[in-house]
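A.B. asks: Chain by chain, the residues run as shown.
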Amino acid sequence: MTSTVVIDKAAPTRAIKYGSMSRDRTWALRWSYFFLTLFAIFSLVPPLYMVITSLKSSAEISAATNPWWIHHPTLENYIGLLTSNQFLTFFRNSAFVSIFVVTITMLISVPAAFALARMRFWGSATLATGVFLTYLIPDTLLFLPLFKMFALFGDFTGIQLINRWYVLLFIYPTLTVPFCTWIMIGYFASIPKELDEAAIIDGASWFQTLTRIFIPVAMPGIIAATIFAFTVSWAQFLYPLVFTTSTDQLVLPVGIVTTLIKGDVFNWGQIMTGALLGAAPPLIIYAFLMDYYIAGLTAGATKG
Amino acid sequence: MLMADVTLRKVFKRYDDVEAVRGIDLDIADHEFVVLVGPSGCGKSTTLRMIAGLEDITGGDIMIGGDVVNDVPPKDRDIAMVFQNYALYPHMTVAENMSFGLRLKHFPKAEINSRVTEAARMLDIVELVDRKPKQLSGGQRQRVAMGRAIVRNPKVFLFDEPLSNLDAKLRVQMRIEIKKVHQKVRTTTVYVTHDQVEAMTLADRVVVMNHGRIEQIGTPNELYHKPATRFVAGFIGSPAMNFMPCRLEDVAGKLHIRLTDRIAFPLPPIRAARYQSVARNEKLLLGLRPEHITEAKAHPEPGVETFDTVLDVTEPMGMETLIYFTLEGAQVCGRVNPNAGARDGGPLRLAVDLNNMHLLNEVTGVVI
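Top line first, the protein sequences correspond to chains A and B.
Position 139 (the first sequence) corresponds to 156 in this note's numbering; numbering is contiguous.
Position 131 (the second sequence) corresponds to 141 in this note's numbering; numbering is contiguous.
The set of hints was computed from the structure by calculation and includes no laboratory data.
Where a beta carbon is used, it is the ideal one built from N, C-alpha and C, also for glycine.
Wrong hints could be hidden among the right ones.
Just a few of them, taken from the derived set where beta-carbon distance is under 8 Å, the chain B residues facing chain A [what the hints assert, rightly or not]: (1) Ala62; (2) Lys85; (3) Ala90; (4) Met91; (5) Asn95; (6) Ala97; (7) Tyr99; (8) Thr103; (9) Ala340; (10) Cys343.
Simulated pairs of lysine-lysine, DSSO-like, Cα-Cα distance not exceeding 30 Å [what the hints assert, rightly or not]: (11) A:Lys210 x B:Lys85; (12) B:Lys20 x A:Lys210; (13) B:Lys165 x A:Lys210; (14) B:Lys194 x B:Lys165; (15) B:Lys144 x A:Lys210; (16) A:Lys210 x B:Lys189; (17) B:Lys190 x B:Lys165; (18) B:Lys236 x B:Lys190; (19) B:Lys144 x B:Lys189; (20) B:Lys142 x B:Lys115; (21) A:Lys210 x B:Lys236; (22) B:Lys119 x B:Lys144.
Go ahead and model the full structure; you've got the sequences and the hints to work with.
C.D. replies: If you want it as structure tokens, here you go:
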């Protein structure tokens with residue numbers, strides 16, 4: 018150590034400092050890679066196991082062979098599901114529900130967020146907080162009263178919504194609208210006040226300010242909210258389990274579980290295949306819109 | 011051409027329990043360039059925003075072109091505003107930014123194009139029209155913001171501290187640009203700034219505001235040479251006017267102004283006549299601008315009196331040297347020739363030009 022101190026005096030101190038900085042950085046990077054790899058393995062092993070299992074026949078799955086190795090790869094699970102009308106019905110129901118829910122959610126939450134963030138009316142701040150609080154109520158607490166409400170609605174009007182896939186279009190927005198509104202309030206709040214004042218002076222109405230200025234400027238936030246709404250409605254399990262029972266009304270997550278598990282017989286190959294196929298649409302959407310999603314979630318934090 | 015005079019009558023603005031603007035009366039003539047200036051929180055921006063219609067008024071009347079616009083929404087007031095942070099629409103090109111207002115009003119395409127081109131040419135941003143705001147420098151953005159106002163051809167331009175985000179050099183350049191634009195388009199302009207230099211250089215008339223009230227309205231020269239109050243006298247001009255405690259006394263039948271036990275000057279005859287009626291025991295302030303405190307010359311003109319002092323600090327500026335000394339506890343600033351021999355801590359014989367003095371009531375701050 019003493020020898021290095023002597024050298025320090027001769028050598029330019031800046032170079033030494035730079036060296037120690039870069040050594041710190043190297044170590045930080047090594048640790049980052051170590052933990053990131055660990056985390057990646059941890060989260061990628063289950064899907065990998067699903068892929069492996071989905072490519073095996075039922076016989077091979079129940080045989081006492083190495084579960085991590087495929088001896089006789091087969092696509093019979095994929096072919097079986099993709100040719101089954103039932104599975105395609107689940108997929109179609111899920112797609113309809115998600116697309117409609119996303120549309121409904123955005124049509125409600127974007128104007129709502131704009132009003133709450135910008136229009137400064139009496140009680141708007143309280144309302145904004147109220148919107149967020151509704152998001153904090155878990156669906157496990159809500160499904161019974163909601164079920165009761167729809168049952169009563171059916172009794173009074175004769176319009177039976179329970180056990181129809183479209184009942185979910187009324188229910189999912191209770192989850193998606195508050196959160197998306199909250200995201201959009203945050204995003205709109207990060208847009209400088211002068212921008213809407215300039216638009217108003219230029220002659221824009223509130224509606225034109227929203228459509229011509231706020232929506233284009235807040236596109237990353239809107240995409241983030243859209244992805245969120247889609248993910249929630251695509252993956253929702255409890256509500257469809259409670260509200261839909263007939264096979265032709267089921268959405269994918271519930272359909273896979275209720276039709277592929279018969280009594281105590283688990284059709285593991287098809288369950289894994291169904292889950293993988295079900296995970297594909299969100300995966301594809303994330304892959305394309307990831308950057309927007311992250312930009313949308315962090316926007317409020319960095320702009321003032 | 012439309013008449014576009016702006017009139018404010020007893021305009022009040024109250025936020026909960028804060029009075030931001032307390033009864034303003036102001037007449038702005040057609041084609042006039044008026045600057046509202048004052049320290050932050052004086053109500054100048056609020057006043058501008060009330061003219062724009064971005065803030066409701068609590069009391070009084072605002073008239074544009076003779077019509078009361080108190081309850082008219084901003085878009086129907088026929089005004090254009092330039093904001094401090096430019097407020098350009100980030101997703102639109104320069105041309106789209108400038109034409110947004112016209113497109114909302116469904117102007118014909120050809121008309122929009124010709125107006126945008128004309129404004130772009132005037133502001134020297136023709137080659138930028140297809141760029142997005144983020145590809146522009148601060149000065150260019152400011153030009154686009156002005157272009158957006160010009161193409162609308164409104165009755166009134168409103169500027170809210172438009173140069174505050176620019177660096178000092180660019181600010182001077184843009185100041186000249188704004189003046190040139192106003193000479194060409196002659197639109198009635200209300201301009202808000204906290205920078206008295208900007209106010210003096212741009213305005214036909216300056217409105218000095220303080221604590222939500224108008225202290226004084228006048229041309230730049232009137233405010234500089236005939237300030238009405240201590241606030242205006244101290245706010246306009248840099249370095250600021252000096253204020254020295256003093257009182258009047260009669261010595262051998264002539265009116266004198268006494269600064270210290272040692273220093274008293276006879277007043278020039280015109281000034282003496284003007285101050286004759288002031289009570290001799292009244293607490294007064296002598297207001298003198300730094301340029302009226304100079305090095306003593308061999309043959310002083312009438313009304314110029316000399317005295318000796320010891321300097322605290324000197325600041326050589328090149329074409330002049332600022333000197334600071336203490337008189338009865340008050341710091342006083344003067345401007346001397348660089349060759350006058352001023353040095354830190356050194357003695358200097360100084361001359362005060364009492365022809366340009368101001369006498370203020372110390373308690374009320376009113377210039378006598």
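A.B. asks: Could you tell me which of the hints above the structure violates, numbers in ascending order?
C.D. replies: The structure breaks hints 8, 9, 10, 21; every other hint is satisfied.
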